[in-house]
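**Q** Taken in order, these protein sequences are the chains called A and B.
Per the numbering used here, the very first residue in the first sequence carries number 1; after that it's consecutive.
Per the numbering used here, the very first residue in the second sequence carries number 1; after that it's consecutive.
Hint data in this document are derived by calculation from the structure and do not stem from the laboratory.
By construction, the Cβ of each residue, glycine as well, lies at the ideal position given by its N, Cα and C atoms.
A few of these clues could be false.
Taking lysine-lysine and the PhoX-like style, the derived pairs with C-alpha atoms no more than 20 Å apart in a straight line are [what the hints assert, rightly or not]:
#, chain 1, residue 1, chain 2, residue 2
1, A, K534, A, K400
2, A, K13, B, K83
3, A, K291, A, K312
4, A, K374, B, K132
5, B, K196, A, K368
6, A, K519, A, K549
7, B, K84, A, K13
8, A, K218, A, K195
9, A, K312, A, K393
10, A, K361, B, K92
11, B, K186, B, K83
12, A, K419, A, K393
13, B, K145, A, K12
14, A, K13, B, K195
15, B, K84, A, K368
16, A, K374, B, K196
17, A, K227, A, K285
Going by beta-carbon spacing under 10 Å, a handful of chain A positions derived as facing chain B [what the hints assert, rightly or not]:
#, residue
18, K242
19, G243
20, E261
21, V328
22, L363
23, P377
A few chain B positions that, by computed beta-carbon distances, are all more than 12 Å from chain A [as the list claims (entries may be wrong)]:
#, residue
24, T37
25, P154
26, P184
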Amino acid sequence: MFENILENKKGKKVVLLGNEAIVRGALEAGVNFVSTYPGTPSSEIGNIFYKMYSSGKFKGYFEFSTNEKVAMEAGIGASFSGLKTLVAMKNFGLNVALDALLPFVYTGSKGPTVIIVADDPSCHSSAQSEENSRFLASLAHIPILEPSDPQECKEFVKLGFALSKQFEIPVIVRTTTRVAHQRSLVELNSLSSNKFKGSFQKNPDKFITLPPRVLEMKKELFLKIEKIKSFAEKSDINKSFKGKSGLGIITSGISYLYAKESLARMDLDLGLLKLGFFNPLPVEKIEKFIKSLPGKQKKILILEELEPYLEKEVFILAKKMDCQIEVVGKKKDFEIGELSPDKVDEIIADFAGYKGGKEKKDLSYLTKDLKSSKRAPRLCPGCPYWLVVSAVKKAVDIKKVVFGGEIGCYMLFGSASIKMQDYLFCMGSSVGIGHGIKKAIAGSNDKKLISFVGDSSFFHAGIPPLINAVINKSNPLIIILQNDTTAMTGHQPHPGAFNVQGRIKIEDVVRGCGVKNLKVIDPVNQKEFIETIKKFLKNSEVSVIIVKKQCIQI
Amino acid sequence: MHSDIKSRKKAKPTKKKSVLPKKEKSSDDFSLLIVGTGGQGQITLLNVLAEACLVENFDFRSSELHGLSQRGGSVKVHIRFGKKVNSPLVPKAGADLIISLEMQEALTSFIFSGPETRFLINKKLIPIFSGKSLTEKEVLNVLEKSGNEVYLVPAEEICLEELGNSLVAGIYLISFASFNNLIPLKPESILKAIKKVVPKKFLELNVKAFNLSSKKS
Ligand SMILES: Cc1ncc(C[n+]2csc(CCOP(=O)(O)OP(=O)(O)O)c2C)c(N)n1
Ligand code: SF4
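Could you build all of it, start to finish, from the sequences and the hints given here?
**A** Below, the structure written as structure tokens:
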């Protein structure tokens, strides 16, 4: 199963998924410690390490942590103990981990540390928001590398470790769905040993971020970034290609591949600068690129997905250089959703005044009048959640109850055929927001509220809001869906999962949080389930039903 | 329209209509889309095709999506291979071949199809639970209107009848594409790739599906 990833032949070419190449890069770099919480499009990284670790093929340490903040903290501990450390998550995970990450950039790493953050432009596999993790560049001052394809995924992870080692700072490798879930040829290098023996040496000056030391650390951080910038100026992961006119394109990540293809398709000879470093930007290299464009009239197109970060930076830079230089980006519409070969064709054709292309005639006009529906995802036939839907629908008039939803397979409770969802936010929030609503509508006694939360989500972020509801005395009915796995993202284990040694019982946690009204139910017993819902909805304190039935896909 | 295979015109290795006149086929690549619904084994097919490309010394790039769509939603896998491939996504109207594991899904890929795109379609309808489905006749009508070359193959039925297992329909279809020159990959390369990719337990069955497709064409 991991034949390609574990192939130890230097120079051999294999086809790898971007995420597989990230794993390979970490193995080649000799990673010792890996922690993660799943989330598409980064999940395969953890899945692969998990399988390799459980089958004895990975000699380092691996864990699925309870959430991303905890994964980050575990990684920080490993790094402080001298280990080569990889932490992986999707963009939303970064938000959760941010509180630990910011001071980590101040203290810097000891063991080299790479953090993988996967964005999902177009929200192919994400609810919540179309988050662009590049904002971290200005918030956290952390170096960020942006690969375009699996080969670069592997190389950039290794470069990340090398940078981290040289400058003692964690490094982010940022992917997007079309990079993480792209397969292409990767040339392998040799594997390294992953065995480890960490040791923690006391060093309060480095690890304690109390003021006034914390501000000195910030100063040291800025100095590091200056040095890394000099490194970036010379690095060959920022590549420039000469053109024949005063027009040039600056791009990075997947957009680079689209740009190359569009230019070839239109037979345009424009200058092209591909940035592997997103932060710190190799400003002199960009200047040199702009200057190298032939002629006096220079015009630069910035090709990047989502919000215009590069565009703003290059705009300021160009204005400093020479007011004649024109910097253009994409239209506002294209800040929503990912770029595509067709959008990039349009952008570049506009930019270069290219008129050669005929309108591409696709066949979609033939399906315009068809009255068929979009094939929306749905719960698997036989999913235990169907039993939850049927019981709730029998117990209450769904129009009269507020339903809190969350991400997980059970987000499909919001689908048109089920209609049991009135808000959907981040992990754990069905409980937290439910409490707020219940407090706000206190007095209007007929309004009932049911919050659904999955078991992995409960451990991830559901416990503090449960405690909050108990202690601040509101009365939502919380239905915890214990299907014994993290189903949505590919059936990873969690602290209460069936395949975890010493698994934690959710009912023990709930009781420990002070919940008095608690029932554990097998949803096959519909009658008991329906009656419990009815009864618990009358309670003036928090009530919890734990619905125990395994996902049929495990 | 025959219920079996609509068109038996022997296909030559593809030539795509120019959408942007000059250097439209800049990198000499072949663009393939595998469409279907979640859980139809697209990733195995992708792995087989990737290995077959390695055997033939082709460059290869593909793009897939994971997550919610796996729960029975529409799934599209983009594959491009050839001497040099720049990007993993098939552009609008740019597919040379569309392999559809379900009939209605073939129509969802029309944005990627031009007049010269070929279709190889598994003759199977999976109802759309979230709304209105199309009938076989409605799908065929649209395909006929397009005037494109369409191969409609009851791959699941054939595999079930001959091998007692319909799960290998996808392997049957990509082998069919190769034997009928719908895809510029030699059958030997596909077979080699199957042997490399498919787990031992299922290898014999998959090789049988491969052989079966050669007989039918
Ligand atoms: C902070 C954050 N990390 C990761 C994700 C990705 N994600 C979406 S749902 C989910 C887990 C769902 O598991 P569970 O709560 O057990 O529900 P199930 O899918 O099993 O129904 C994850 C990890 C996310 N949305 N936000
Ligand atoms: S994967 Fe499991 S939890 Fe998700 S819909 Fe299917 S059966 Fe239900």
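**Q** For every hint, state whether the structure bears it out.
**A** Structure-based check of all given hints:
A distance of roughly 13 Å separates the Cα atoms of K534/A and K400/A; the hinted pair therefore holds under the 20 Å criterion. Distance hint between K13/A and K83/B is fulfilled; the C-alpha atoms sit about 15 Å from each other, no more than 20 Å. Note on K291/A and K312/A: the hinted pairing holds, with a Cα-Cα distance of about 18 Å set against a maximum of 20 Å. Under the criterion of a C-alpha separation no larger than 20 Å, the hint pairing K374/A with K132/B is consistent with the structure, at around 8 Å.
With a CA separation close to 42 Å, the supplied pair K196/B and K368/A exceeds the 20 Å bound. A threshold of 20 Å between alpha carbons decides the hint, and for K519/A with K549/A the separation of about 14 Å falls inside it, so the pair holds. Note on K84/B and K13/A: the hinted pairing holds, with a Cα-Cα distance of about 15 Å set against a maximum of 20 Å. Our distance criterion of 20 Å between C-alpha atoms is broken by K218/A and K195/A, whose separation comes to about 33 Å.
Distance check on the hinted pair: K312/A and K393/A sit about 52 Å apart at the alpha-carbon level, beyond 20 Å; violated. Only pairs whose Cα atoms come within 20 Å are accepted, and K361/A paired with K92/B is accepted, the gap being roughly 8 Å. For the hint pairing K186/B with K83/B, the CA-to-CA distance comes to about 15 Å; that is within 20 Å, so the pair holds. Taken as a hint, the K419/A and K393/A pair is honoured in the structure, with Cα atoms around 10 Å apart against an allowance of 20 Å.
Our distance criterion of 20 Å between C-alpha atoms is broken by K145/B and K12/A, whose separation comes to about 47 Å. For the suggested pair K13/A and K195/B, the alpha carbons sit about 18 Å apart, so the restraint of at most 20 Å is met. For the hint linking K84/B to K368/A, the alpha-carbon distance of about 35 Å lies beyond 20 Å, and the restraint is violated. For the suggested pair K374/A and K196/B, the alpha carbons sit about 36 Å apart, so the restraint of at most 20 Å is broken.
Among the hinted pairs, K227/A with K285/A is consistent with the structure: their alpha-carbon atoms are about 15 Å apart, no more than 20 Å. At a threshold of 10 Å, the smallest CB-CB gap from K242/A to chain B is about 18 Å, leaving the interface hint violated. Look at G243/A: its Cβ only gets to about 16 Å from chain B, farther than 10 Å, so that hint breaks. Restraint check, E261/A versus chain B: the minimum CB separation of about 4 Å is within 10 Å; hint holds.
Interface restraint check for V328/A: the shortest CB-CB distance to chain B comes to about 22 Å, outside 10 Å, so the restraint is violated. Against a cut-off of 10 Å between C-beta atoms, the interface hint on L363/A holds, since the closest Cβ of chain B lies about 4 Å away. The criterion of a C-beta within 10 Å of any C-beta in chain B is met by P377/A, whose closest approach is roughly 4 Å, and the hint holds. Taking the minimum C-beta to C-beta distance to chain A, about 6 Å, the non-interface status of T37/B is violated against the 12 Å cut.
In this structure P154/B is separated from chain A by more than 12 Å, as the shortest Cβ-Cβ distance comes to about 21 Å. Residue-level check passed: P184/B sits 17 Å from the nearest beta carbon of chain A, beyond 12 Å.
Hints 5, 8, 9, 13, 15, 16, 18, 19, 21, 24 from the list above are not met by this structure, while the remaining hints are.
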